[in-house]
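Please model the entire structure based on the sequences and the hints provided.
In this text, residue positions in the sequence shown follow numbering that gives the first Met the number 0: the first is 0, and each later residue adds one.
Since the hints were made in silico from the structure, they are not lab data.
Every value quoted in this text rests on a predicted model; they were computed, and no experiment measured them.
A portion of the hints provided could be inaccurate.
[What the hints assert, rightly or not] Restricting the straight-line Cα-Cα distance to at most 30 Å, the calculated cross-link-like pairs of lysine-lysine (DSSO-like) are: (1) Lys225 x Lys4; (2) Lys114 x Lys225; (3) Lys4 x Lys60; (4) Lys80 x Lys205; (5) Lys4 x Lys114; (6) Lys225 x Lys8; (7) Lys4 x Lys205; (8) Lys60 x Lys80; (9) Lys4 x Lys80; (10) Lys114 x Lys80; (11) Lys205 x Lys225; (12) Lys225 x Lys202; (13) Lys60 x Lys8; (14) Lys8 x Lys202; (15) Lys60 x Lys114; (16) Lys202 x Lys60; (17) Lys8 x Lys114.
[To be verified] Here are the in silico distance ranges between beta carbons for each label pair: (18) Gly125 x Glu152: 35 to 43 Å; (19) Asn174 x Val2: 39 to 47 Å; (20) Thr122 x Glu190: 46 to 54 Å.
Ideal placement from N, C-alpha and C gives every residue a C-beta, glycine not left out.
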Amino acid sequence: MSVLKDRLKSGELVIGTMAVEFNTPNLPRMLQVSGFEYVIVDCEHGYFDYTSVANMIAVAKGWGMSVIVRIPDTTRTCILKYMDMGASGLLVPMVSGPEDMQRVVEYAKYRPIGKRGVALNRTHAGYEVPDAEAYMRQANEDTILLGQIETVEGLERIDEICAVTGIDGMLLGPNDLLQDIGGDGDALSTEAARAHLNGAISKLGKAAHRHAIWSGIISSDQSHLKTSVEHGMQLLSWSSDVRLMMAQASIGLRQLEALRHLH
0 MSVLKDRLKS GELVIGTMAV EFNTPNLPRM LQVSGFEYVI VDCEHGYFDY TSVANMIAVA
60 KGWGMSVIVR IPDTTRTCIL KYMDMGASGL LVPMVSGPED MQRVVEYAKY RPIGKRGVAL
120 NRTHAGYEVP DAEAYMRQAN EDTILLGQIE TVEGLERIDE ICAVTGIDGM LLGPNDLLQD
180 IGGDGDALST EAARAHLNGA ISKLGKAAHR HAIWSGIISS DQSHLKTSVE HGMQLLSWSS
240 DVRLMMAQAS IGLRQLEALR HLH
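Structure representation (structure tokens):
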């Protein structure tokens, strides 16, 4: 079983972050050393190509770090490539109905759950598969499939979505959800927005619990993460490679300002 899935099954809280721009194979290892338990490589907004993602996954697998790929679309070709390069799982953005997740299950899981294409002499299988049937059963068990609720329709249909066989969890995407509710550019800072978001966290957390799957949130606001944990969520994605670098740079430079009077 994957390390991430094993920890989730044990009921632990897991904290990851987003890779959005730093294109280096060693990034997952750096984040792991920093204390993160998984990383989401953002191929929806990010401009990572297949080779760069494959390289990050290869390094991550060597250190037991889980890599979830946020996919740009749900085509068979896209899903198959990320799965065959050895991704721990996939995150599907903008899920508005069960059909979105059903399609991903079909392409990412082997029979009898889905119809994933079989090519076992690949990196995802370690280039050595003595028992193909046993490997595919284990791959189905290990693969983590997550959806992201970012629309009003998705939130309204959350029970239908959580009921899809083969998915493991649903994450809330606050920014796009609040925009879809009808906010403006400052929506995240308003009290009304916070009330909407708290309601969405509660609704998603309860639906996931009813259907025995995990739930979580993607946010750089730690107060949102705290609220999510209070509603039973286990999967947290906090900040990103860019935000973390800029935040540390800002802190260090402010400290160095005291040196200016010595010049």
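Verification of the hints:
About 22 Å separates the Cα atoms of lysine 225 and lysine 4, which keeps this hinted pair within 30 Å; it holds. With a CA separation close to 38 Å, the supplied pair lysine 114 and lysine 225 exceeds the 30 Å bound. Proposed proximity of lysine 4 and lysine 60 is supported: the alpha carbons are some 14 Å apart, at most 30 Å. Pair hint lysine 80 plus lysine 205 does not hold up; C-alpha atoms about 33 Å apart against a cutoff of 30 Å.
Straight-line distance between C-alpha atoms of lysine 4 and lysine 114 comes to about 22 Å, which keeps the hinted pair within the 30 Å bound. For the hint pairing lysine 225 with lysine 8, the CA-to-CA distance comes to about 21 Å; that is within 30 Å, so the pair holds. Under the criterion of a C-alpha separation no larger than 30 Å, the hint pairing lysine 4 with lysine 205 is consistent with the structure, at around 20 Å. In summary, the hint linking lysine 60 to lysine 80 is supported, as the alpha carbons are separated by about 16 Å, within the 30 Å threshold.
For the suggested pair lysine 4 and lysine 80, the alpha carbons sit about 21 Å apart, so the restraint of at most 30 Å is met. Of the supplied pair hints, the one linking lysine 114 and lysine 80 holds, its CA atoms being roughly 14 Å apart against a limit of 30 Å. The hinted pair formed by lysine 205 and lysine 225 meets the criterion: a straight-line CA distance of about 16 Å does not exceed 30 Å. For the given pair, lysine 225 sits about 16 Å from lysine 202 by alpha-carbon distance, which is consistent with the 30 Å threshold.
For the hint pairing lysine 60 with lysine 8, the CA-to-CA distance comes to about 20 Å; that is within 30 Å, so the pair holds. Of the supplied pair hints, the one linking lysine 8 and lysine 202 holds, its CA atoms being roughly 21 Å apart against a limit of 30 Å. Distance check on the hinted pair: lysine 60 and lysine 114 sit about 25 Å apart at the alpha-carbon level, within 30 Å; holds. Annotation: proposed proximity of lysine 202 to lysine 60 is violated, straight-line Cα distance about 34 Å (limit 30 Å).
Taken as a hint, the lysine 8 and lysine 114 pair is honoured in the structure, with Cα atoms around 25 Å apart against an allowance of 30 Å. Checked against the hint of 35 to 43 Å, the C-beta distance between glycine 125 and glutamate 152 comes to roughly 41 Å, which is consistent with it. Under the hint 39 to 47 Å, the C-beta atoms of asparagine 174 and valine 2, about 29 Å apart, miss the expected range. The hinted range of 46 to 54 Å is satisfied by threonine 122 and glutamate 190, whose Cβ atoms lie roughly 49 Å apart.
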